[in-house]
Amino acid sequence: MRARALWLLAVLALTGCAAGPRGRAVYVLVDTSGSYVQAVPRAARIIRYLLGTLQPGDTIAVGRITSLSFTTKDRLVAVTLSRQPTRADAEKRMIAARVAAFVKAMHASRGTRYTDISGALLEAGRFLASIPAAHKDVIIVSDMRQDLPPGAVRRFALPLKGVDVFAVNVIKSHGEDVNPLRYLARMKRWQARVAGGGGRWILVHELGRLPALLHHPSEAHSRGIA
Amino acid sequence: MSVVLQDGAADPWLMALGVVVGMGVLYLARSPVRSAILILTGLLSRPFRIASHFLQKSASDLRARNRTVLLAQGQEDIGQRVEREFERVDVVVRRDLQGFPALQRKLLDEITAIEEDYRKSQEVPPAPPEWIRAVSPLLKMKPGPDRIVEGVLESLKRTVAKGQDMALGEYRRACQERHKRLSRALPFWRSVDATLKNVDKRLAGLNERAGALDTYMERYEQLIKKTDAIEHTLASSAFVQFFVAAFVLIVALGGTVINFHLIALPMSEMVGGGSYIGRFRTADVAALVIILVEATMGLFFMESLRITHLFPRIAHMTERMRKRFLMAAFGLLLAMASIEAALAFLRVQIAADNQALAVSLVAHKGPSLLSLNSWIPTAGQMALGFILPFALAFVAIPLESFVYAARTVGGMALVGLLRTTALVLHVTGRLIRYGGTMLTLVYDIVIFLPLVIERAVVSAPGRARPGLARSGRQG
Numbered sequence: 001m002r003a004r005a006l007w008l009l010a011v012l013a014l015t016g017c018a019a020g021p022r023g024r025a026v027y028v029l030v031d032t033s034g035s036y037v038q039a040v041p042r043a044a045r046i047i048r049y050l051l052g053t054l055q056p057g058d059t060i061a062v063g064r065i066t067s068l069s070f071t072t073k074d075r076l077v078a079v080t081l082s083r084q085p086t087r088a089d090a091e092k093r094m095i096a097a098r099v100a101a102f103v104k105a106m107h108a109s110r111g112t113r114y115t116d117i118s119g120a121l122l123e124a125g126r127f128l129a130s131i132p133a134a135h136k137d138v139i140i141v142s143d144m145r146q147d148l149p150p151g152a153v154r155r156f157a158l159p160l161k162g163v164d165v166f167a168v169n170v171i172k173s174h175g176e177d178v179n180p181l182r183y184l185a186r187m188k189r190w191q192a193r194v195a196g197g198g199g200r201w202i203l204v205h206e207l208g209r210l211p212a213l214l215h216h217p218s219e220a221h222s223r224g225i226a
Numbered sequence: 001m002s003v004v005l006q007d008g009a010a011d012p013w014l015m016a017l018g019v020v021v022g023m024g025v026l027y028l029a030r031s032p033v034r035s036a037i038l039i040l041t042g043l044l045s046r047p048f049r050i051a052s053h054f055l056q057k058s059a060s061d062l063r064a065r066n067r068t069v070l071l072a073q074g075q076e077d078i079g080q081r082v083e084r085e086f087e088r089v090d091v092v093v094r095r096d097l098q099g100f101p102a103l104q105r106k107l108l109d110e111i112t113a114i115e116e117d118y119r120k121s122q123e124v125p126p127a128p129p130e131w132i133r134a135v136s137p138l139l140k141m142k143p144g145p146d147r148i149v150e151g152v153l154e155s156l157k158r159t160v161a162k163g164q165d166m167a168l169g170e171y172r173r174a175c176q177e178r179h180k181r182l183s184r185a186l187p188f189w190r191s192v193d194a195t196l197k198n199v200d201k202r203l204a205g206l207n208e209r210a211g212a213l214d215t216y217m218e219r220y221e222q223l224i225k226k227t228d229a230i231e232h233t234l235a236s237s238a239f240v241q242f243f244v245a246a247f248v249l250i251v252a253l254g255g256t257v258i259n260f261h262l263i264a265l266p267m268s269e270m271v272g273g274g275s276y277i278g279r280f281r282t283a284d285v286a287a288l289v290i291i292l293v294e295a296t297m298g299l300f301f302m303e304s305l306r307i308t309h310l311f312p313r314i315a316h317m318t319e320r321m322r323k324r325f326l327m328a329a330f331g332l333l334l335a336m337a338s339i340e341a342a343l344a345f346l347r348v349q350i351a352a353d354n355q356a357l358a359v360s361l362v363a364h365k366g367p368s369l370l371s372l373n374s375w376i377p378t379a380g381q382m383a384l385g386f387i388l389p390f391a392l393a394f395v396a397i398p399l400e401s402f403v404y405a406a407r408t409v410g411g412m413a414l415v416g417l418l419r420t421t422a423l424v425l426h427v428t429g430r431l432i433r434y435g436g437t438m439l440t441l442v443y444d445i446v447i448f449l450p451l452v453i454e455r456a457v458v459s460a461p462g463r464a465r466p467g468l469a470r471s472g473r474q475g
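Chains as they are written, first to last, in the numbering used here: chain A, 1 to 226; chain B, 1 to 475.
One or more hints might be untrue.
To be verified - Some chain A residues well away from chain B (every beta-carbon gap over 10 Å; in silico):
#, residue
1, G23
2, L51
3, G57
4, T71
5, L81
6, A96
7, V170
8, H216
Unchecked claim - Not everything, but these chain B residues come out facing chain A in the computed CB check (under 10 Å):
#, residue
9, D284
10, L288
11, N354
12, L357
It is worth saying that the hints were derived from the structure and are not from the lab.
Don't be surprised by glycine CBs; every beta carbon is placed ideally from N, CA and C.
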């Protein structure tokens, strides 16, 4: 009888170990370049929505896209929520407060001169690779127009294996509404870049669709663009 | 067999020749082929028949075993009922009849008092004095002219009247005394009447118990005789018990689900919300374990109270140990109920906190207090958390009924399954066997021409069948 109980415990432990990582890890990138800084409040709304959906034990990080984004200095928040629901709620409140302060600070800011999206994605990919989670997402709130400062080298494969990259609120420039092919070509280049790094590119046209897409990214990916 | 010419058409002569040759070959091979078919089908059908017999025997054995178990359960049940009835009779005798001598003494005293009063009420009052009768002729005399005689007679009349008045007064006093005695006896009569009615009622209760005991003893005798009727009755009772207990268990399962949802969320506060055991959240598993432990404690509690009899070891405990065990089970149950009440309180707090967070995130404001101070849902959930473990403890009773009834119902179902399978196997074996016979007949149909010729040759004049010839020689 005791041996049988030990076997049962062993099986439980093994199945527990074999289950692999669980939970979610989300990295939100907010473009603070001069051409996009006015959209930061919208990014804050997305972050607040995410905070409402995250479960105890999930991870959330918020980073800025600046002139040179491959740095931890531009990371506003990086928190793995406590497994206790009440503590996790307190941490969510703290993150919401920090994001609110960030939005307030950006209100008076003119934004950065350049836009280093690749560096930000590299930083997000490296961060997510270090987190054991079943679902890893990068939500990038940007116009996806990269403008690197002189000397910056960003020709590398992005470490985004197993990561879903959601591009949200991508604003078209003046020339692109005249010639949509330019916009489509730009999006295709980013898709290829993300796919080359092992990730999945999901372009979210409608912000309202984001909750559904976050829960069923495969559906959006199979259709290419949501 | 078909012979085809070069242009694709079959030559009928060659075909006929082929058919004749084929028939000849089949005729020559008839005996070994028939034997082969019959042996093969016999071999194939035999395992089915053996399996069918085996299952039939197993079903019979199982049925006999079920019958034994059913009767044993019935004996135990009736035994318990008889024991219980005897206990009730004992209680009735102790409660009602232990004061019977005092009651009898009281009755005798009252009857003696009534008899005394009655005797006294029968005493005749004293008769008028004899001299009144002696002087009554004198009083009837007519007074003469003599005034002296007239005066004497008047005086005599007055004296007689006075004596009569005194006698009448005495008689009335005696009557009054008798009436007093009789009216004094009335409460005694009533008391005797009430006492006798009380005795009658108590004896009627005893008679009722005796009637129930007679019924049980009759059933017990039938059980000892192992009649089919009592087996049928017990089986029907088991079926009813099975479905009733199953229904109650389903209801209890609903209560368990409610209980689970009541404590699953707060358990995440204790064991962590993001940890898993296999595919299941640790908090859910912990909540389920708590509920199962509560159910187990409830089971032990009922066992200790001797309401259920699932664990013989608990039933065989000494009285002192049983009481200790009872207190331990109740204590643990109480502790678990208190923990559940606390978890229910925690659940309300967590839910309120989550709601406040959601509102603050949507409204982009600081934490909102909402109406978190509403104590009604909190008290309700706490009460539910405290009561449900005790309610679940009573599940032990239908569980016991279900377990015992399931033994009978399951056994009967298994017997039915075995018999059905045996029947299917038997029919399959028979089909294979008769299929072989059918094949030989089909074979004979194919070679009907040689067989007709054979029959004609055998029955030709001057040729006797070997068997008949032999029998004729023997005759």
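Here is how each hint holds up against the structure:
1. With a least CB separation of 5 Å from chain B, G23 of chain A falls inside the 10 Å interface cut-off, contrary to its annotation.
2. A beta-carbon of chain B is positioned within 10 Å of the beta-carbon of L51 of chain A; the least distance is around 6 Å.
3. Not every Cβ of chain B is farther than 10 Å from the Cβ of G57 of chain A; the closest lies at roughly 2 Å, contradicting the non-interface assignment.
4. Non-interface status of T71 of chain A relative to chain B is upheld: no Cβ of that chain comes within 10 Å, the nearest being about 28 Å off.
5. With a least beta-carbon separation of about 8 Å from chain B, L81 of chain A fails to lie farther than 10 Å from that chain, contradicting its non-interface assignment.
6. A beta-carbon of chain B is positioned within 10 Å of the beta-carbon of A96 of chain A; the least distance is around 6 Å.
7. No beta-carbon of chain B comes within 10 Å of the beta-carbon of V170 of chain A; the shortest separation is about 24 Å.
8. Once the 10 Å rule is applied to beta carbons, H216 of chain A is consistent with being away from chain B; the minimum gap is 20 Å.
9. Hint on D284 of chain B is violated. Least Cβ distance to chain A is approximately 14 Å, over the 10 Å limit.
10. The beta carbon of L288 of chain B comes no nearer than 14 Å to any beta carbon in chain A, farther than 10 Å, and the hint placing it at the interface is violated.
11. Taken as an interface hint, N354 of chain B checks out: its beta carbon lies about 6 Å from the nearest beta carbon of chain A, inside 10 Å.
12. Hint status for L357 of chain B: holds, given a least beta-carbon distance of 5 Å to chain A, under 10 Å.
In this structure, the hints that do not hold are numbers 1, 2, 3, 5, 6, 9, 10, in rising order.
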